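Please dock the two separately framed chains into a single complex, following the hints provided.
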Amino acid sequence: MKEMARYAAVLGTICLVASASLAVVNSLTRDKIIAQAQAEEEASLKEVMPAADHFEAVKKDTETLYYRALDKDGSLIGICFKAEAKGYSSTVQTVAGMFKDGTINAIKVVSQNETPGLGTKVTEPSFTDQFKGKKGLEEVQAITGATISSRAVIDSVAKKAEELKGILNAP
Amino acid sequence: MKKLLSEFTKGIVKENPTFVLMLGLCPTLAVSVTVINGIGMGIAATFVLLSANIIISLLKNIIPARVRIPCFIVVIATFVTIVEMAMKAYSPALNRALGIYVPLIVVNCIVLGRAEAFAQKASVGRAILDGLGMGLGFTLALILICAIREFLGAGTLMNYSLIKGFEPARVFGMPSGALLVIGLLVGLFNVLKNRKG
Numbered sequence: 001m002k003e004m005a006r007y008a009a010v011l012g013t014i015c016l017v018a019s020a021s022l023a024v025v026n027s028l029t030r031d032k033i034i035a036q037a038q039a040e041e042e043a044s045l046k047e048v049m050p051a052a053d054h055f056e057a058v059k060k061d062t063e064t065l066y067y068r069a070l071d072k073d074g075s076l077i078g079i080c081f082k083a084e085a086k087g088y089s090s091t092v093q094t095v096a097g098m099f100k101d102g103t104i105n106a107i108k109v110v111s112q113n114e115t116p117g118l119g120t121k122v123t124e125p126s127f128t129d130q131f132k133g134k135k136g137l138e139e140v141q142a143i144t145g146a147t148i149s150s151r152a153v154i155d156s157v158a159k160k161a162e163e164l165k166g167i168l169n170a171p
Numbered sequence: 001m002k003k004l005l006s007e008f009t010k011g012i013v014k015e016n017p018t019f020v021l022m023l024g025l026c027p028t029l030a031v032s033v034t035v036i037n038g039i040g041m042g043i044a045a046t047f048v049l050l051s052a053n054i055i056i057s058l059l060k061n062i063i064p065a066r067v068r069i070p071c072f073i074v075v076i077a078t079f080v081t082i083v084e085m086a087m088k089a090y091s092p093a094l095n096r097a098l099g100i101y102v103p104l105i106v107v108n109c110i111v112l113g114r115a116e117a118f119a120q121k122a123s124v125g126r127a128i129l130d131g132l133g134m135g136l137g138f139t140l141a142l143i144l145i146c147a148i149r150e151f152l153g154a155g156t157l158m159n160y161s162l163i164k165g166f167e168p169a170r171v172f173g174m175p176s177g178a179l180l181v182i183g184l185l186v187g188l189f190n191v192l193k194n195r196k197g
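Protein chains in written order, with this note's numbering: chain W, 1 to 171; chain U, 1 to 197.
Isolated chain U (complex conformation) (with noise of 0.2 Å):
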């Protein structure tokens, strides 16, 4: 049981896709720039690891190891169109903020190193729960870089403007501050790391 739930809270803070794993870097550069993206993104990013998790791990004894990739490749891109669709559909708004980088996730790092590393050896309940786990980590992250990100650049939170007068260093709403917040952080996720172990 213990064993089971660490497959869900490693993602979180252990094996953090984007501070520890560094996977997925380039779509977390260019979306954090709002807190709303970031919380868009994360659930999209979710949604289609935690689909394509469950899907690869159920065939994982179909699929010969030498098409893996092609296979892997064709499920999440069926998942990104369809969370792609739903989007247009029902939040046309998010769709709008988020552009490009929702068909992107295709080649999310994150979703294809997660079905190579662990879904294609894996039970389905633990799939499941590294799909979650690892997209609740790559969300938290993505929420916190948007935090500073969009308080600093541009004064705002939720594109509600906290203090009046507060002049906001630009650099943090273009990538280099995204380079800046990023970098930081992950060596404050090692310091952190290192004083426990």
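Chain W with its partners taken away, still in its complex shape (with noise of 0.2 Å):
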């Protein structure tokens, strides 16, 4: 019984001082962290649509739902959002600009974790650049080896495009 209380003791003293180190850690990183991920975030939105001077998030909740990209005067350009979907060996994000008229200015896949040399290529131009400037997603070609991971990308970005038109066309 002694010995039993002992264990406890000492298992429990560890616990403790990992929990409180990290507890440490954590506030020292947890700024820097929300830091990067905003920063992260703000530089693809500029990517896809380099037109705007500024973006405002649109929120339901705490879930951000698309961005407003702004100009100089505060006016409305178009609007940018991330779209994700299942690819063949990670979730695809990607980010994406599109104009009022809803025409899509640019893409960038975000995160992928796809087969290296096969499925990455999702992220190259010659496949991203086949976004620019369409209404419809239709014509774009999937990446020859690659189907899963490019329908991915094209089918997550149409099905969001196509809800955010609604709202974009609403007055």
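Just so you know, these hints were derived from the structure itself, not from any lab.
A hint or two may mislead.
Under 8 Å between C-beta atoms, here's a sample of chain W residues computed to sit facing chain U [claimed, not checked]:
no.	residue
1	M1
2	R6
3	I14
4	A18
5	V25
6	N26
7	Q36
8	D53
9	L65
10	L70
11	Q93
12	F99
13	P116
14	L118
15	T123
16	S126
Calculated lysine-lysine pairs in the BS3-like style (CA-CA distance at most 30 Å, straight line) [what the hints assert, rightly or not]:
no.	chain 1	residue 1	chain 2	residue 2
17	W	K2	U	K121
18	U	K88	W	K82
19	U	K88	W	K59
20	U	K88	W	K60
21	W	K60	W	K121
22	W	K121	U	K88
23	U	K164	W	K108
24	W	K159	W	K59
Derived CB-CB ranges, DEER-like [what the hints assert, rightly or not]:
no.	chain 1	residue 1	chain 2	residue 2	range
25	U	L104	W	A20	17 to 27 Å
26	W	T91	U	P70	50 to 60 Å
27	U	A65	W	E47	51 to 61 Å
28	U	V171	W	E124	16 to 26 Å
29	U	K14	W	D31	22 to 32 Å
30	W	A20	U	G165	21 to 31 Å
These figures come from a predicted structure and were not determined experimentally.
Every residue gets a Cβ at the ideal spot worked out from N, C-alpha and C, and that includes glycine.
Encoded structure:
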């Protein structure tokens, strides 16, 4: 019985020290992590909608639905949004910029973990440039040998664009 | 002095964690597609291995034998979480590339294996040397596998393409290719070892 109490005390102390040191590291890195995520988000928005001066997140509860891209005077040029779908071996996340009339300006694949040399080609300009200036995405060619990864990008962007066009056209 | 040095060097060739001890193969198979991934994973695992070895060797007289495994896991998990937070804060790109495999260092059998087989019986100094040596051995093994797979599977090294018009063999980018490469390298290691011995 006495031994048992000693085991519990040792393990408990180790856990206590461990959680205390994690709390310290967390408080040191938390702000930095949030800032990194924001900077990254901002940079990718800028890339798909270079004409915009600043962006305004449209939120529902805490979830960001899309971003309004505004010019210097604060009038709306278009919107940016994040679309995601399951690819071949990971969730493929794409950021897209769309003008008011529903034309896609540019897209950028921001997160994927697809097969190197095949699925990863969805990040390359030879694929992403196909989206430029398109209203409908039927003509975008999937990459040979990476159909699933390509479809994940095309379909998720097309679906989200369709949803948001309704919002744009509403007065 | 010579004995101390051998605690460090044994991890690199003679007891290489990947090719000889055959530990930690799961993350090795999954991560080793590009050299950058290999270096990142190697450094992260080395840090955890070194820190865990030090703490466990310091606590070796306090931790009762019957609850040693949960104690080791808590220590290891703490360091892994620290690595993950640091990576997110200072190198988000690497963090994204390594993905789930960073938290999985917790169950990387190299770390627990060295704690169990070495650090809990060794002095701090020897535990440090062992941690560094094993970490270096793991990193070098990863880089070797990554380099072969990245070159054959994607035709690049460190994301630079080397030969124009080289049509890569895609299978090396896939897990099956990883098994092939690791198997052949283990075979090569055995041949070299036998010749020496």
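Here is how each hint holds up against the structure:
no.	hint	verdict
1	M1	14 Å, violated
2	R6	6 Å, holds
3	I14	5 Å, holds
4	A18	4 Å, holds
5	V25	5 Å, holds
6	N26	6 Å, holds
7	Q36	5 Å, holds
8	D53	25 Å, violated
9	L65	23 Å, violated
10	L70	26 Å, violated
11	Q93	10 Å, violated
12	F99	29 Å, violated
13	P116	4 Å, holds
14	L118	6 Å, holds
15	T123	12 Å, violated
16	S126	14 Å, violated
17	K2(W) - K121(U)	25 Å, holds
18	K88(U) - K82(W)	21 Å, holds
19	K88(U) - K59(W)	24 Å, holds
20	K88(U) - K60(W)	26 Å, holds
21	K60(W) - K121(W)	33 Å, violated
22	K121(W) - K88(U)	25 Å, holds
23	K164(U) - K108(W)	26 Å, holds
24	K159(W) - K59(W)	19 Å, holds
25	L104(U) - A20(W): 17 to 27 Å	24 Å, holds
26	T91(W) - P70(U): 50 to 60 Å	33 Å, violated
27	A65(U) - E47(W): 51 to 61 Å	57 Å, holds
28	V171(U) - E124(W): 16 to 26 Å	21 Å, holds
29	K14(U) - D31(W): 22 to 32 Å	45 Å, violated
30	A20(W) - G165(U): 21 to 31 Å	58 Å, violated
Going through the hint list in order, the structure does not satisfy hints 1, 8, 9, 10, 11, 12, 15, 16, 21, 26, 29, 30.
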